[in-house]
Amino acid sequence: MNPSLRWFALFGTLAILVAVPWIAPATWVQFGISTLMLATLAQSWSIIGGYTGYASFGGSVFYGLGSYGTAIAMIEYHLPFGVGLILGALVAVTFAVLIGLPVLRLRGHYFAIATLALAQVVPAIVSNLDIAGRNIGLILPLLRNDALFYESALGLLVITTLSIWYISRSRFGFGLMAIRENEDAAAAMGVNTTLYKTLAFAIAALFSALSGGIHAYWITYIDPGGEFDITLNVKMIIMAVFGGPGSVLGPIAGAFLLSGVSEILSFKISSVASLFFGLVIVIAVVLMPRGLADLWHRYKKLGLHYFSENIRENRV
Amino acid sequence: MVLLWQVLANGILLGGLYALMALGLALVWGVLNIVNLAHGAFIMLGAYVCYYLFTVFHVDPFAALPAAMVVLFVVGYSLQRNVLNLIIRAPMFNTLLLTFGFEVVLTNLAQMIFSADYRTINPSYAGANFNLFGATIPLARILAFTTGLLLTSCLWFFLLKARLGRAIRATAQNLIAARLYGVETRKIYAITFGLGAALAGAAGDLYGLVSQINPYIGGSLTAKSFAICIIGGLQNPLGVVVGGIFLGVVESLTALYLGPTYTDVASFGILVLVLVLRPTGLLGRTA
Amino acid sequence: MNLILEASNLVKRFQGLVALKHVSFGLMRGEIMGLVGPNGAGKTTLINLISGSLNPTNGEIIFEGNILQQPAFRRARLGIARTFQIAKPFSGMSALENVAIAALFGSEGQQRTMHHARQFAQQWLDFVGLAHRSSMRADSLGGPDRKRLELAKSLAMKPKLLLLDEVMAGLNQTEIDEVITIIKKMRDQGISILVVEHVMKAIHALCDRVLVLHHGQNIAIGKPSQVLNEPAVVEAYLGKKHA
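Protein chains in written order, with my numbering: chain F, -8 to 307; chain P, 878 to 1164; chain A, 118 to 360.
So that you can see chain F by itself, here it is in the shape it has in the complex (with noise of 0.2 Å):
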């Protein structure tokens, strides 16, 4: 595809995802909220576990510090939506980084399952508080008003997708992903692994902390269970991987189709949703385990090979 071209379709699709809240029917609005918050979840967890390798089961928390850290300064301290935002986010960036330095010593497994035991400690803490309402949660102020939460969500989106696409040009993002391919060759070339993978951690935690926020204000009642859903560290991974880890656009394409998809198919059921997500993870993994941008990019050259080829390189 010429460049051009690519601009012309990037812009126009751009250009009436904007309009949606005014050319579409409601219930496409809440999807296209919904969608957009997953979108720029699956953008943060690229540059974490997508640029830097340390994949991160762990999202969720931010996602959740940010939405009960701006639900918190606007009920307890009357403070307006965008100061509850930036309040949600401190908060969320504190504590990435504050763990972050521990954690990120851990390689490869146990960073994984680390991130994992925080997704059960975080939220497991936060029922126990009574300023976050304990296992009731909180009630925030009403605001009945889906175009501007929409509109938020896509600006947050396209802000996060902007700042990955500045990182993977930039010296900070190859230095990620040096670190991704060999952390101890990037450590002996220069490499300040420490401080940049931490850098990404926090940057990643910033994103779905605003994400979170946006969301707390949107659904009005929010409780330790849903805000701190582990779930959404599934679908976040298995979007962004589906898309194309260490892609700039791979991780939307990701969340819209599979999104897209899930929608249609629960209908009818509601695990059929679930289920499908898992087999599309089997599959995914299996046949094209570096994502849609991958496929792209190498269909052209090897068609259905594609697929086998994966799988005979991975083999026993």
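Simulated from the structure, these hints should not be mistaken for lab results. The model shown is predicted, which means the values in this text are computed figures rather than measured ones. Accuracy of the hints is not assured; some may be wrong.
Here are the simulated SDA-like pairs of lysine to any residue, each with C-alpha atoms no more than 20 Å apart in a straight line [what the hints assert, rightly or not]:
| # | chain 1 | residue 1 | chain 2 | residue 2 |
| --- | --- | --- | --- | --- |
| 1 | F | Lys292 | A | Ser252 |
| 2 | A | Lys277 | A | Gln240 |
| 3 | A | Lys205 | F | Asn305 |
With chain F held as given, fit chains P and A onto it using these hints.
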């Protein structure tokens, strides 16, 4: 004082069952270097096997144990042979994702087949207790505890003495050398994974005796099994016993002194601390 | 200060094993020194101590007059570069990008822009003879080309001290000669080099002096022609009978 002893006794008994739960995960992790995120789902399936054999055929849970193990062995073996084998050489993260996919599929299939209702298994001796130094010990729990420890010891002997067990250990230590000695690695991998699943099935069978079951228990049981493996260390089967009992006691004490809503905080908080401070576990050597 | 690197009484203990026992030596500016010894003698451990991957149990390493205590990445920026025994490049990236990373993070890297880093990287690919493969994925390069890539990466760091860990392993005679030429050109650029090697031809061709390690101890140091014929050294390699 008596209350403390009761709580400790509960914790230790629970710990024995926890140890069995974590055993299958430890085996697969130690031998195949596969972190099986579907482990809890296998436990859940074992519990349902027990439930259906009990309610439909009136089979006692302890008699149903071998059946649960066989069913799960078949499930595990087929998954490994036909699916996991396809990505053995891919980066570790892919295996994590794949087993995660299994977890989601199995959990949702179970939900569709068995419905999300909570089920209990109530054999005739469900209410029987006896008194040990002032603590009330349910018969079912002590039987589960003993069975758990028995199976753990059996596995240990199997790995140490039996021909197949030693083949498994050899494959774990040195894949290339094992191949040169004629060990058929693909089969060993599948058998090991099947064995891990069978142990999970056994744990599930016993779990059904002491707790309610539904399709969603898998997730937190996987997480707890991780905690046990890491706290106890993967060096030898004794590690899961230590880890299991440690976790059981910690949970009971936390429930007593801080309240039941804090048990997850304690279990997983300790997991994070152990990972950060001493990743080889309480029994392991320092890095 | 004519010594660029000085090791003073280095000891490295791993749990039960003492890998290095009181190793001391000095490397002069612009010198090429060989580091030889049987397998397990402690050569790679010594390299790891100098590069910062490991910390000594006892003793000091002095680089350009200052004691080295920084983490590995800071030592890289000070001008210490190393190759790895098993060359693992950044596989998903092209050869050019691999070298560009070194150019971005090595000793003068912080001042370079992305664009300049790529240009600089290209120069070094030319230097080692990989110019025609600069856009190929690093993991599609064959063994000898990977070695060249490692060398290019080290050079792009503008090192003052280069630690080469068995860079000739697995190369045939022609390839060995080519790498020897490249290393000589590096020395002409003013880089001081410590070469861990088993290929004696390279040691004789390149090294001003040779340091022999055996069971973690420095058993000989001097010109290759003298040292490699000493009885103690022959015994270390071949056993008592042949001394």
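Verification of the hints:
With a CA separation close to 18 Å, the supplied pair Lys292 of chain F and Ser252 of chain A stays within the 20 Å bound. Taken as a hint, the Lys277 of chain A and Gln240 of chain A pair is honoured in the structure, with Cα atoms around 18 Å apart against an allowance of 20 Å. With a CA separation close to 19 Å, the supplied pair Lys205 of chain A and Asn305 of chain F stays within the 20 Å bound.
This entry satisfies every hint, going by the numbered hints stated previously.
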